[in-house]
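*Asks:* Read off the chains here:
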Amino acid sequence: MRLRTLLFFTAPSAVLMLLFIFTPLVSVAIQSLHTTIVLREMVKVETCTPGFLAQTCTTTERSQVRMGPDGKPLTETRFTGLEAYRSVLETGKLATAFAPGGQGWAEVLRLDFWRALRFTLTFTFITLPLVVGLGLVIALAVNNAMRAIRGPLVFVSLLPFIITPVIGALAIRWLFIGDGIVTATLRATIDPQISFFAQGWTIEVLMLVYRVWHNAPFAFIILYAGLQTVDQDTLESAVIDGASRWERLRYVVLPHLAPLIVFVSLIHLMDAYRVFEEVVGFGSEAHVISLQWLTFSYLMPDFTGNRYIARASASSMLTMVGIVLLLIPLLARVWREHRPRG
Amino acid sequence: MLKRTLLATLPAIGLATGLAVGLAALPGTAEAACAIRNTVPIKTLSAGFDAWKAVTAAWAECGNVQSELDMNFRTKQPTAFAANPSLYQIGGVANNTVVPLLNAGTIRPLDDLVAKYGQGLTPNQLIKVDGKTMAVAMMVNTQNFMVREDVFKEMGIAVPTTWDEVLDAAAKLKASGKFATPLGATMKPGFDISQEFLNVFLAYGGVATKPDNSPGINSEAGMKTLALMKRMAEFLDPEYLTSDSTYVARQFQQGKIAMANLWATRAGALNNPAESQFAGKILQAAAPAVAKGGKPATTLWWDGWVIAKNLPDAEAEMAFRVAMEGIDEEMVKANNNAAVWLLKGYVPGPSAKGAIESAMGGAPAYPSTSAMGLISAALGENVADFMTGKKTAEQTLQAIEASYLTRAKEQGLVK
Numbered sequence: 000m001r002l003r004t005l006l007f008f009t010a011p012s013a014v015l016m017l018l019f020i021f022t023p024l025v026s027v028a029i030q031s032l033h034t035t036i037v038l039r040e041m042v043k044v045e046t047c048t049p050g051f052l053a054q055t056c057t058t059t060e061r062s063q064v065r066m067g068p069d070g071k072p073l074t075e076t077r078f079t080g081l082e083a084y085r086s087v088l089e090t091g092k093l094a095t096a097f098a099p100g101g102q103g104w105a106e107v108l109r110l111d112f113w114r115a116l117r118f119t120l121t122f123t124f125i126t127l128p129l130v131v132g133l134g135l136v137i138a139l140a141v142n143n144a145m146r147a148i149r150g151p152l153v154f155v156s157l158l159p160f161i162i163t164p165v166i167g168a169l170a171i172r173w174l175f176i177g178d179g180i181v182t183a184t185l186r187a188t189i190d191p192q193i194s195f196f197a198q199g200w201t202i203e204v205l206m207l208v209y210r211v212w213h214n215a216p217f218a219f220i221i222l223y224a225g226l227q228t229v230d231q232d233t234l235e236s237a238v239i240d241g242a243s244r245w246e247r248l249r250y251v252v253l254p255h256l257a258p259l260i261v262f263v264s265l266i267h268l269m270d271a272y273r274v275f276e277e278v279v280g281f282g283s284e285a286h287v288i289s290l291q292w293l294t295f296s297y298l299m300p301d302f303t304g305n306r307y308i309a310r311a312s313a314s315s316m317l318t319m320v321g322i323v324l325l326l327i328p329l330l331a332r333v334w335r336e337h338r339p340r341g
Numbered sequence: 000m001l002k003r004t005l006l007a008t009l010p011a012i013g014l015a016t017g018l019a020v021g022l023a024a025l026p027g028t029a030e031a032a033c034a035i036r037n038t039v040p041i042k043t044l045s046a047g048f049d050a051w052k053a054v055t056a057a058w059a060e061c062g063n064v065q066s067e068l069d070m071n072f073r074t075k076q077p078t079a080f081a082a083n084p085s086l087y088q089i090g091g092v093a094n095n096t097v098v099p100l101l102n103a104g105t106i107r108p109l110d111d112l113v114a115k116y117g118q119g120l121t122p123n124q125l126i127k128v129d130g131k132t133m134a135v136a137m138m139v140n141t142q143n144f145m146v147r148e149d150v151f152k153e154m155g156i157a158v159p160t161t162w163d164e165v166l167d168a169a170a171k172l173k174a175s176g177k178f179a180t181p182l183g184a185t186m187k188p189g190f191d192i193s194q195e196f197l198n199v200f201l202a203y204g205g206v207a208t209k210p211d212n213s214p215g216i217n218s219e220a221g222m223k224t225l226a227l228m229k230r231m232a233e234f235l236d237p238e239y240l241t242s243d244s245t246y247v248a249r250q251f252q253q254g255k256i257a258m259a260n261l262w263a264t265r266a267g268a269l270n271n272p273a274e275s276q277f278a279g280k281i282l283q284a285a286a287p288a289v290a291k292g293g294k295p296a297t298t299l300w301w302d303g304w305v306i307a308k309n310l311p312d313a314e315a316e317m318a319f320r321v322a323m324e325g326i327d328e329e330m331v332k333a334n335n336n337a338a339v340w341l342l343k344g345y346v347p348g349p350s351a352k353g354a355i356e357s358a359m360g361g362a363p364a365y366p367s368t369s370a371m372g373l374i375s376a377a378l379g380e381n382v383a384d385f386m387t388g389k390k391t392a393e394q395t396l397q398a399i400e401a402s403y404l405t406r407a408k409e410q411g412l413v414k
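So the sequence lines, in the order shown, correspond to chains P and X.
At position 47 of the first sequence (counting the first as 1) the number is 46 in numbering that gives the first Met the number 0, and the numbers step up by one without a gap.
At position 317 of the second sequence (counting the first as 1) the number is 316 in numbering that gives the first Met the number 0, and the numbers step up by one without a gap.
Take these hints with a grain of salt, some might be off.
What the hints assert, rightly or not - Keeping only pairs whose Cα atoms sit at most 30 Å apart, straight-line, the calculated DSBU-like set for lysine-lysine is: (1) Lys-291/X <-> Lys-173/X; (2) Lys-92/P <-> Lys-223/X; (3) Lys-209/X <-> Lys-71/P; (4) Lys-71/P <-> Lys-352/X; (5) Lys-229/X <-> Lys-92/P; (6) Lys-43/P <-> Lys-127/X; (7) Lys-352/X <-> Lys-43/P; (8) Lys-52/X <-> Lys-352/X; (9) Lys-308/X <-> Lys-43/P; (10) Lys-152/X <-> Lys-280/X; (11) Lys-92/P <-> Lys-389/X; (12) Lys-209/X <-> Lys-92/P; (13) Lys-115/X <-> Lys-43/P; (14) Lys-171/X <-> Lys-223/X; (15) Lys-43/P <-> Lys-131/X; (16) Lys-223/X <-> Lys-71/P; (17) Lys-291/X <-> Lys-71/P; (18) Lys-92/P <-> Lys-414/X; (19) Lys-171/X <-> Lys-127/X; (20) Lys-92/P <-> Lys-390/X; (21) Lys-229/X <-> Lys-390/X.
As the list claims (entries may be wrong) - Far from chain X by the CB rule (all over 12 Å, computed), these chain P residues: (22) Ala-94; (23) Val-155; (24) Gln-231; (25) Asp-270; (26) Ser-283.
As the list claims (entries may be wrong) - Each pair of labels, with its calculated beta carbon distance range: (27) Glu-233/X <-> Pro-258/P: 55 to 63 Å; (28) Glu-75/P <-> Glu-233/X: 58 to 66 Å; (29) Thr-78/X <-> Ser-26/P: 17 to 25 Å; (30) Arg-186/P <-> Asp-149/X: 24 to 32 Å.
No wet-lab data here; the hints were simulated from the structure.
All residues carry an ideal CB built from backbone N, CA and C; glycine is no exception.
Start from the sequences and build out the full structure, keeping to the hints where you can.
*Replies:* Laid out in structure tokens, this is it:
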């Protein structure tokens, strides 16, 4: 293909990618390097609040936001370099943790970012094989079911996937929190002391189970579609050659599905690394937080109405870097397969 | 009943995405109750507890009023009011939630309007900042002590007045086998847990922020506060780190707990036979002190409304008149027990006893300052780490101060 034609064909998608992926990314990168500071001045302020019998007024000298001529607060945006990254990563505390007398990893895991990273990675790597594995098992089961019930089976298997993630998480939360139906039953039958939201690990297990339940149908439907295109002749000759069911799966079906498994894994890695709904839905921030939740918490206005844009941007950049690092091995595999040989 | 519980639970789990309750009253039905005829479309955004339900319902009677009651109004209000024209004319606020609006300069001084239409207001209701009236308060709110009177009588235990007595009583109730978790507390990370901390911290004589805006959390008072909170945890539901006011109220209603320091606005629901199994048995008392004869360990709050700045003056005037209609004597009489009103016609009932005793006992007002807002945010983010055992008391207090300082630098409060 001539270069000109190639450019002509890729131009529309290149323009869109530039506009909707590259530009925001650059903007976030720039914002992560700048901090906006509210300008204040010291003034004498008289403040009155209701007492019970009379009003209580106090005059104090305190700093107050300076207003510009347009009635908006004056702010100043400064270039702060990697300050926001240092603040998110808490590099100073990292250094003391590993200095003599520090407590090493135990201390690191008390820092928000690192604690979030720990959970995010565990979550991603535990759910990945479970989602792909369970998806494959369901796909094989449905594929071997009677033709007449396949349609309804596919529909039912897909149901968890079409539930809005936050709503699904809330449903699970209500089943397990306090004396939710499941917990109440377990308390009555096994141990009256059981509670799922009192410690971090049980919440994490619930989150893992929920995500696998929610995402396995995605893996299932992709792999099921793949199963429809397995070469029947090859399968039949395998049968004639005396291959067992397991051998047919191992040497015929799985190699055929391999590119799809890579695809499902890629999508799942990206999704799982951005775990967020579970933290919000389960209300687990006292015990477990994720990287995406951390970004969100920087972005929510605090009790002064301020949002921490620089740190939120730094945190999103770090999340993006994390996803890219995770995807490299899989992308490298795809690249090797599609590289023109010779 | 079902709708009530639904409305009560949804915001609590942090999902509330604008539960519009009481969308514009039906024309011609209830408008008689409002003295003016509102012709301008007015939108309001406030919290969603009983008092706001009462006030917004009274606003709706004026016609053309659309009210949004949302327990997460705090995160929406600053941006919505910064828009030009503002997305809401009237905003419901409290001591802490008025600060972002003041900082951004998005609410208007009300002195002219108060002079013109505010004859019914007492000076007590005018929230003044720098000599200008910026908000109109309608009620006082505080966390006061609520106890199951029947249980305490039966057990022969006096109603506790200090936290030591609370913990003794809790131990007795637990030992009796009647309550596995006799105590309730709002310990959900964020505002709830920061408030539990501050109540006790201020009572121990702690100074949260010094005049130069440097933090004072890492102090003896801070250590004592954390120690007391750890002692409370022994008697709380093991899942207490997910528990907010709605959750504690429900624990009361279902007989799971016998006492808690809970918002006065919840008293109505606890004694409402339609939703509580123990209506009439829950006594209101002053918040417990940290030592015998000390001040009640709680803070005084006000709730009221503000008018947006980015509006045509005529529209703001109409909004003010509507807002005034919502807090008239008629509304107070119909909803006497929904809050501790600062309004004409209010007769303090049994549900106000705890709040009034706390105030009379000398509980301090919660300071409406930016520094306090940042301390609150830093506490909300870090105290849970101590409760779960992730950090020691010293480490927690240091983390709170560090988090406060990072925030305060961006807010220009410290260099």
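*Asks:* Compare the structure with each hint and give your call.
*Replies:* Results of checking the hints against the structure:
1. Between Lys-291/X and Lys-173/X the CA atoms are separated by roughly 23 Å; this keeps the pair inside 30 Å, and the hint holds.
2. Annotation: proposed proximity of Lys-92/P to Lys-223/X holds, straight-line Cα distance about 26 Å (limit 30 Å).
3. The straight-line distance between the Cα atoms of Lys-209/X and Lys-71/P is roughly 27 Å, inside the 30 Å bound, and the hint therefore holds.
4. For the given pair, Lys-71/P sits about 43 Å from Lys-352/X by alpha-carbon distance, which is inconsistent with the 30 Å threshold.
5. Straight-line distance between C-alpha atoms of Lys-229/X and Lys-92/P comes to about 26 Å, which keeps the hinted pair within the 30 Å bound.
6. With a C-alpha separation of about 13 Å, the suggested pairing of Lys-43/P with Lys-127/X holds against the 30 Å cut-off.
7. About 36 Å separates the Cα atoms of Lys-352/X and Lys-43/P, which puts this hinted pair outside 30 Å; it is violated.
8. At roughly 22 Å between alpha-carbon atoms, Lys-52/X and Lys-352/X fall within 30 Å of each other, so this suggested pair holds.
9. As the CA atoms of Lys-308/X and Lys-43/P are separated by approximately 23 Å, the hinted pair is consistent with the 30 Å bound.
10. Of the pairs offered as hints, the one joining Lys-152/X and Lys-280/X holds, with about 11 Å between alpha carbons and a cut-off of 30 Å not exceeded.
11. Among the hinted pairs, Lys-92/P with Lys-389/X is consistent with the structure: their alpha-carbon atoms are about 16 Å apart, no more than 30 Å.
12. A hinted pair counts as satisfied when its Cα atoms are at most 30 Å apart, and Lys-209/X with Lys-92/P qualifies at roughly 26 Å.
13. At roughly 28 Å between alpha-carbon atoms, Lys-115/X and Lys-43/P fall within 30 Å of each other, so this suggested pair holds.
14. A threshold of 30 Å between alpha carbons decides the hint, and for Lys-171/X with Lys-223/X the separation of about 23 Å falls inside it, so the pair holds.
15. At most 30 Å may separate the alpha-carbon atoms for a hinted pair to count; Lys-43/P and Lys-131/X meet this at roughly 13 Å.
16. For a cut-off of 30 Å, the pair hint linking Lys-223/X to Lys-71/P is broken: about 42 Å separates their Cα positions.
17. With a CA separation close to 48 Å, the supplied pair Lys-291/X and Lys-71/P exceeds the 30 Å bound.
18. Straight-line distance between C-alpha atoms of Lys-92/P and Lys-414/X comes to about 21 Å, which keeps the hinted pair within the 30 Å bound.
19. A threshold of 30 Å between alpha carbons decides the hint, and for Lys-171/X with Lys-127/X the separation of about 47 Å lies outside it, so the pair is violated.
20. Restraint check for Lys-92/P and Lys-390/X: satisfied, since their Cα atoms lie roughly 14 Å apart, inside the 30 Å limit.
21. Only pairs whose Cα atoms come within 30 Å are accepted, and Lys-229/X paired with Lys-390/X is accepted, the gap being roughly 13 Å.
22. The claim that Ala-94/P is not at the interface with chain X holds, since no C-beta of that chain comes within 12 Å of its own (minimum 15 Å).
23. Consistency note on Val-155/P: stated as away from chain X, and its beta-carbon is indeed over 12 Å from all of that chain's, at 27 Å minimum.
24. No Cβ of chain X comes within 12 Å of the Cβ of Gln-231/P; the nearest lies about 49 Å off, and the non-interface call holds.
25. A cut-off of 12 Å between C-beta atoms confirms that Asp-270/P is not in contact with chain X; the least separation is 21 Å.
26. For Ser-283/P, the shortest C-beta to C-beta distance to chain X comes to about 8 Å, within the 12 Å cut-off, and the non-interface label is violated.
27. As the Cβ distance of Glu-233/X to Pro-258/P is approximately 57 Å, the hint placing it in 55 to 63 Å holds.
28. At roughly 49 Å, the beta carbons of Glu-75/P and Glu-233/X sit outside the given window of 58 to 66 Å.
29. Our hint of 17 to 25 Å for Thr-78/X and Ser-26/P holds, since their Cβ atoms are close to 19 Å apart.
30. A hinted range of 24 to 32 Å holds for the C-beta pair Arg-186/P and Asp-149/X, which are about 26 Å apart.
In the structure shown, a violation is registered for the earlier hints numbered 4, 7, 16, 17, 19, 26 and 28, in ascending order.
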